[in-house]
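Colleague: Those protein sequences? They're chains A and B, same order as listed.
Take 1 as the starting number for the first sequence in our numbering and just add one per residue.
Take 147 as the starting number for the second sequence in our numbering and just add one per residue.
In case anyone wonders, no lab produced these hints; they're calculated from the structure.
Every residue, glycine too, gets a C-beta built ideally from N, C-alpha and C.
The reader is advised that the hints may include incorrect statements.
Residues from chain B that keep clear of chain A, each with C-beta distances beyond 12 Å, as calculated [claimed, not checked]:
#, residue
1, Met147
2, Lys169
3, His171
4, Val175
5, Asp179
6, Gly196
7, Ile204
8, Asp210
9, Thr219
10, Lys222
11, Gly224
12, Ser232
If we take Cβ atoms under 8 Å as the criterion, some of the chain A residues that face chain B in the derived model are [what the hints assert, rightly or not]:
#, residue
13, Arg57
14, Tyr58
15, Glu74
16, Leu77
17, Val78
18, His84
19, Phe96
20, Asp97
21, Phe105
22, Gln114
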Amino acid sequence: MLHTHKEILDQIRTHAETHYPEEGAGFILGRASTDDRYVERILPIQNQFEFGDRHHRYLITPQDMIQSELEAEELGLVILGVFHSHPNHPAIPSEFDRERALPWFSYVITSVHQDGAQESRSWRLTDDRRFEEEEIMILPADKEIS
Amino acid sequence: MTIIKIPTPLRPYTDGKQEVYVKGHTVGVAVRDLTDQYTGLRKHLFDDDGGLRPYVNIFLNHDDIRILGGEETPIKDGDLLMIVPSIAGGNAHQATIDPFHISFQAVRNLDSNAS
Numbered sequence: 001m002l003h004t005h006k007e008i009l010d011q012i013r014t015h016a017e018t019h020y021p022e023e024g025a026g027f028i029l030g031r032a033s034t035d036d037r038y039v040e041r042i043l044p045i046q047n048q049f050e051f052g053d054r055h056h057r058y059l060i061t062p063q064d065m066i067q068s069e070l071e072a073e074e075l076g077l078v079i080l081g082v083f084h085s086h087p088n089h090p091a092i093p094s095e096f097d098r099e100r101a102l103p104w105f106s107y108v109i110t111s112v113h114q115d116g117a118q119e120s121r122s123w124r125l126t127d128d129r130r131f132e133e134e135e136i137m138i139l140p141a142d143k144e145i146s
Numbered sequence: 147m148t149i150i151k152i153p154t155p156l157r158p159y160t161d162g163k164q165e166v167y168v169k170g171h172t173v174g175v176a177v178r179d180l181t182d183q184y185t186g187l188r189k190h191l192f193d194d195d196g197g198l199r200p201y202v203n204i205f206l207n208h209d210d211i212r213i214l215g216g217e218e219t220p221i222k223d224g225d226l227l228m229i230v231p232s233i234a235g236g237n238a239h240q241a242t243i244d245p246f247h248i249s250f251q252a253v254r255n256l257d258s259n260a261s
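Let's have the full structure, built from the sequences with the hints guiding it.
Modeller: Next up, the structure:
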């Protein structure tokens, strides 16, 4: 289960709206226990996919991955996964997403349209490389993530 | 022996280890020694044809092996290998180009900027 505050989810949704009609992406940082993840902040990353295809593709380069791991370590956090938007498409992983997905990561996908962000859903790859949905639990505003 | 640094999402397959010692005189042999030690990693690093998956980048002492000699790149004791994933995806439409070509170009650009 992915635990976070509404404020974090709102940041992901605003990021999707800001980048519409292109896909926006970044990392979610936080802490993990055996089955639960606690998202404490997001780290937006510039979509490095070639201009002209960013409305249906995103790319985070190895260099951005290395830099982001360092930033997470400095914060005492880990990269829990990736968020990205699907402009004009549902918040469901595509086959393209699945083929390139990493195990363990949570993939938070936000469907976004002209009139704004719609639903956000989280997905994780299974050991046989299928996606399974992961429940997003919104924590009360006054509950700190620990 | 060579050290391979393991990225966060693959550490569950190395018993949580951030670094693993591997044997081999080339990058390819060393990476296969890693997957022999931790067999659960194999399907996430290699596709059904035995090639590295497109999101898997291997860096030798901070250089992408694609700009060195690929999997045949020789290594020596004390070298540092890093597995660094590219992160890519998108909605259901087909891409017109391979995103990992862009990744490779970015590496080359960084390399040329550094020289």
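Colleague: A separate judgement is required for each hint: does it hold in the structure or not?
Modeller: Now for the hints, and whether the structure bears them out:
no., hint, in the structure
1, Met147, "holds, 23 Å"
2, Lys169, "holds, 25 Å"
3, His171, "holds, 24 Å"
4, Val175, "holds, 22 Å"
5, Asp179, "holds, 20 Å"
6, Gly196, "holds, 16 Å"
7, Ile204, "violated, 10 Å"
8, Asp210, "violated, 7 Å"
9, Thr219, "holds, 16 Å"
10, Lys222, "holds, 23 Å"
11, Gly224, "holds, 20 Å"
12, Ser232, "violated, 6 Å"
13, Arg57, "holds, 4 Å"
14, Tyr58, "holds, 6 Å"
15, Glu74, "violated, 14 Å"
16, Leu77, "violated, 10 Å"
17, Val78, "holds, 5 Å"
18, His84, "holds, 6 Å"
19, Phe96, "holds, 5 Å"
20, Asp97, "holds, 4 Å"
21, Phe105, "holds, 5 Å"
22, Gln114, "violated, 15 Å"
The structure shown violates the earlier hints numbered 7, 8, 12, 15, 16 and 22.
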